[in-house]
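Going down the list, the sequences are from chains A, B, C, D, E and F. Residues 320 to 456, numbered by our numbering, are exactly what the first sequence covers, in order. Residues 320 to 456, numbered by our numbering, are exactly what the second sequence covers, in order. Residues 320 to 456, numbered by our numbering, are exactly what the third sequence covers, in order. Residues 320 to 456, numbered by our numbering, are exactly what the fourth sequence covers, in order. Residues 320 to 456, numbered by our numbering, are exactly what the fifth sequence covers, in order. Residues 320 to 456, numbered by our numbering, are exactly what the sixth sequence covers, in order.
Treat the hints as calculated values from the structure; they're not laboratory data. Computed from a prediction, not measured in an experiment: that's the story for all the values here. Some hints here could point you the wrong way.
[To be verified] Within a straight-line C-alpha distance of at most 35 Å, the following computed DSBU-like cross-link-like pairs (lysine-lysine) qualify: (1) C:Lys-341 - D:Lys-341; (2) D:Lys-411 - C:Lys-438; (3) C:Lys-411 - E:Lys-341.
Number of protein chains: 6
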Amino acid sequence: MARHSRLFVRGLEEMRHHFGEKADQLVARVSGISEEFGKLNVEVPYGELYTRTVLDDRVRELCTVAALTVMGHALPQLRLHVEGALNCGATKEEVVEVIMQMIAYGGFPSATNALLTAKEAFDDWDASGASQTSRSV
Amino acid sequence: MARHSRLFVRGLEEMRHHFGEKADQLVARVSGISEEFGKLNVEVPYGELYTRTVLDDRVRELCTVAALTVMGHALPQLRLHVEGALNCGATKEEVVEVIMQMIAYGGFPSATNALLTAKEAFDDWDASGASQTSRSV
Amino acid sequence: MARHSRLFVRGLEEMRHHFGEKADQLVARVSGISEEFGKLNVEVPYGELYTRTVLDDRVRELCTVAALTVMGHALPQLRLHVEGALNCGATKEEVVEVIMQMIAYGGFPSATNALLTAKEAFDDWDASGASQTSRSV
Amino acid sequence: MARHSRLFVRGLEEMRHHFGEKADQLVARVSGISEEFGKLNVEVPYGELYTRTVLDDRVRELCTVAALTVMGHALPQLRLHVEGALNCGATKEEVVEVIMQMIAYGGFPSATNALLTAKEAFDDWDASGASQTSRSV
Amino acid sequence: MARHSRLFVRGLEEMRHHFGEKADQLVARVSGISEEFGKLNVEVPYGELYTRTVLDDRVRELCTVAALTVMGHALPQLRLHVEGALNCGATKEEVVEVIMQMIAYGGFPSATNALLTAKEAFDDWDASGASQTSRSV
Amino acid sequence: MARHSRLFVRGLEEMRHHFGEKADQLVARVSGISEEFGKLNVEVPYGELYTRTVLDDRVRELCTVAALTVMGHALPQLRLHVEGALNCGATKEEVVEVIMQMIAYGGFPSATNALLTAKEAFDDWDASGASQTSRSV
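Turn these sequences into a full structure, and let the hints steer you where they fit.
Here it is in structure tokens:
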């Protein structure tokens with residue numbers, strides 16, 4: 320495995336901030352298939368984009384939840400970012416509210432599937448005790 | 320024209336808050352083709368969803384910008400909601416930041432087309448003097 | 320739980336007409352996560368749209384099957400609406416025909432996945448004896 | 320230009336039934352770029368699918384309007400099939416109703432763009448006098 | 320079962336070239352639900368398109384992998400075409416490279432899901448011993 | 320304007336190889352709105368992905384044409400990459416062939432719109448004399 324760039328290190332730190340220990344599992348899973356894919360997955364969204372200070376992480380995660388909801392074909396990623404939203408200070412009510420707002424933009428089927436996926440993420444999050452230790456207000 | 324429901328009145332008021340005088344033009348354009356379609360367009364997103372207090376209007380509009388960016392086929396609506404975001408207190412930098420974040424979720428083409436559309440909305444907004452009178456902080 | 324609006328009551332009755340006892344299960348599942356989401360899901364498509372008399376329910380359900388086929392990411396909803404189509408008087412042959420027509424608009428993969436999903440719905444429908452009691456001609 | 324297959328001849332006849340003289344213009348435009356593409360465009364949807372008798376042409380065109388509405392990126396084709404729906408016996412009210420129903424499946428932006436496109440098709444259709452000569456009931 | 324057209328025979332032969340014995344299983348599965356659908360599925364992509372000589376099969380399969388990756392909702396078909404690509408002479412590295420390139424066009428979620436699907440196809444392909452007997456270079 | 324990274328310089332060189340002098344125009348247009356967006360647009364697809372040697376540029380561009388065709392909402396980018404394909408050694412016949420193959424995956428409407436867009440790119444390319452100086456075989 321190549322030594323990591325500073326951008327990668329910064330991105331992985333950002334990922335851990337959003338997803339906790341799942342960050343490393345995700346990167347390992349993807350990098351195990353393609354080192355380069357794993358590198359880009361850490362460096363571009365997390366190293367380059369989420370570390371910028373124009374928006375705070377809670378708003379960024381809610382925007383990502385909105386996008387993944389209307390896309391419809393990215394439920395594993397939605398589930399992860401629902402946890403990310405909670406870890407970055409959003410409440411469950413806010414996550415549900417964003418998904419519900421997406422009824423207007425992507426229709427009921429994708430919003431319904433997103434809502435059911437969010438519920439699974441909520442249950443996991445509660446079971447893991449993350450709600451006790453997160454930075455949620 | 321049928322008398323409007325309380326939900327419609329509340330929704331139209333919310334639309335005006337987001338889009339100014341364009342709200343009435345939009346409703347008139349759609350209702351001129353189908354009264355029922357215009358009614359739903361006011362009542363569902365604006366009467367039912369945007370008036371709820373779980374999220375503030377600025378975050379709602381940024382989430383809508385995110386969704387419309389990745390959808391790719393809704394540039395007229397994106398243009399409108401870029402103005403809505405500005406009118407609800409988002410900065411141009413924040414709008415650009417959300418669109419740029421969407422590179423990671425919907426790819427470069429839809430994000431690029433969204434960025435160029437946002438620029439047109441920014442120019443209109445500046446020309447109209449809305450930046451002087453909006454509630455932007 | 321809030322008392323239901325007349326629109327909700329009318330919508331739920333319409334849903335039962337399309338989906339039988341599954342209607343109440345669906346609403347309960349969604350409303351258990353978000354009361355407001357469940358309310359909109361009943362009121363908007365079923366209370367507002369499907370109750371209008373411009374089109375009969377069989378044609379409406381076939382149009383919905385067409386849309387869900389090309390969308391590709393809404394197979395749970397497609398499965399439900401295949402049952403809805405049968406319950407509203409469409410034949411299995413007509414459902415297959417609409418899905419097959421969608422090859423031309425959304426391509427083979429989404430149409431193939433829709434066909435396989437429809438087959439599951441057909442088998443369920445036969446097993447449930449719905450075919451004996453529905454209004455199918 | 321190669322001699323046409325029986326499937327092509329049957330398909331082109333079906334296209335003329337739906338789109339009148341525009342059928343030949345469309346085929347000429349596409350075939351002028353790629354003979355094979357034009358051949359498939361006539362043979363597959365029109366020669367193979369629309370000529371089957373399981374569904375009548377009015378219902379087929381309404382299903383196509385539904386699909387093109389939710390796809391969002393096919394407005395030129397939607398415009399054509401709105402005319403096709405009218406030529407096959409659907410009313411303007413039915414076309415609008417299908418598009419409005421799609422609010423529930425694809426959201427407001429794609430349905431709104433479809434409604435505005437349908438209005439253009441209606442105006443063309445009225446101006447062309449097609450409404451006098453079509454088989455509309 | 321109707322006697323097959325020459326186009327069907329040619330298409331099925333082409334399918335076997337891409338997918339080996341899975342070709343017949345696929346056709347049987349679809350044709351068991353709808354004879355006509357199975358016929359079109361063989362004749363149009365494989366009888367008409369893949370047999371043309373303008374592009375070789377390896378490039379065709381890589382282009383299909385690209386398309387199915389960005390579509391996002393066609394993972395069963397993607398899995399099949401990853402095998403098709405390998406059987407037509409592409410390497411695993413090339414398949415991964417195409418999927419990775421699609422990050423730029425469809426974003427990370429659909430590319431990640433495609434990568435994980437490709438890995439499953441690779442493992443199957445290795446287990447089946449196809450790698451020993453294919454025409455891969 | 321910040322000094323460019325080595326990745327940016329390498330990416331811009333790659334872009335010029337694909338798009339000639341239009342590369343700089345594109346980067347200037349995007350960077351004029353957002354410096355960071357322009358940077359990512361050069362660095363990620365062109366600096367990171369297209370410069371890798373696993374696939375040659377002609378195959379990469381044909382894969383991109385395939386993806387942009389089925390996406391349907393990225394015609395400006397498709398037009399650009401049709402030129403890119405030609406500049407990287409693909410023939411017009413090959414570009415048309417890829418687009419035609421996409422009928423099977425994304426349906427006729429998106430493939431038709433892609434074909435018409437490719438024709439515009441071909442005409443531009445011929446008019447510009449690029450066909451005289453490109454590396455096309």
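To see whether the hints hold, each was checked on the structure:
| no. | hint | result |
| --- | --- | --- |
| 1 | C:Lys-341 - D:Lys-341 | violated, 46 Å |
| 2 | D:Lys-411 - C:Lys-438 | holds, 34 Å |
| 3 | C:Lys-411 - E:Lys-341 | holds, 27 Å |
Hint compliance for this structure: hint 1 alone is broken.
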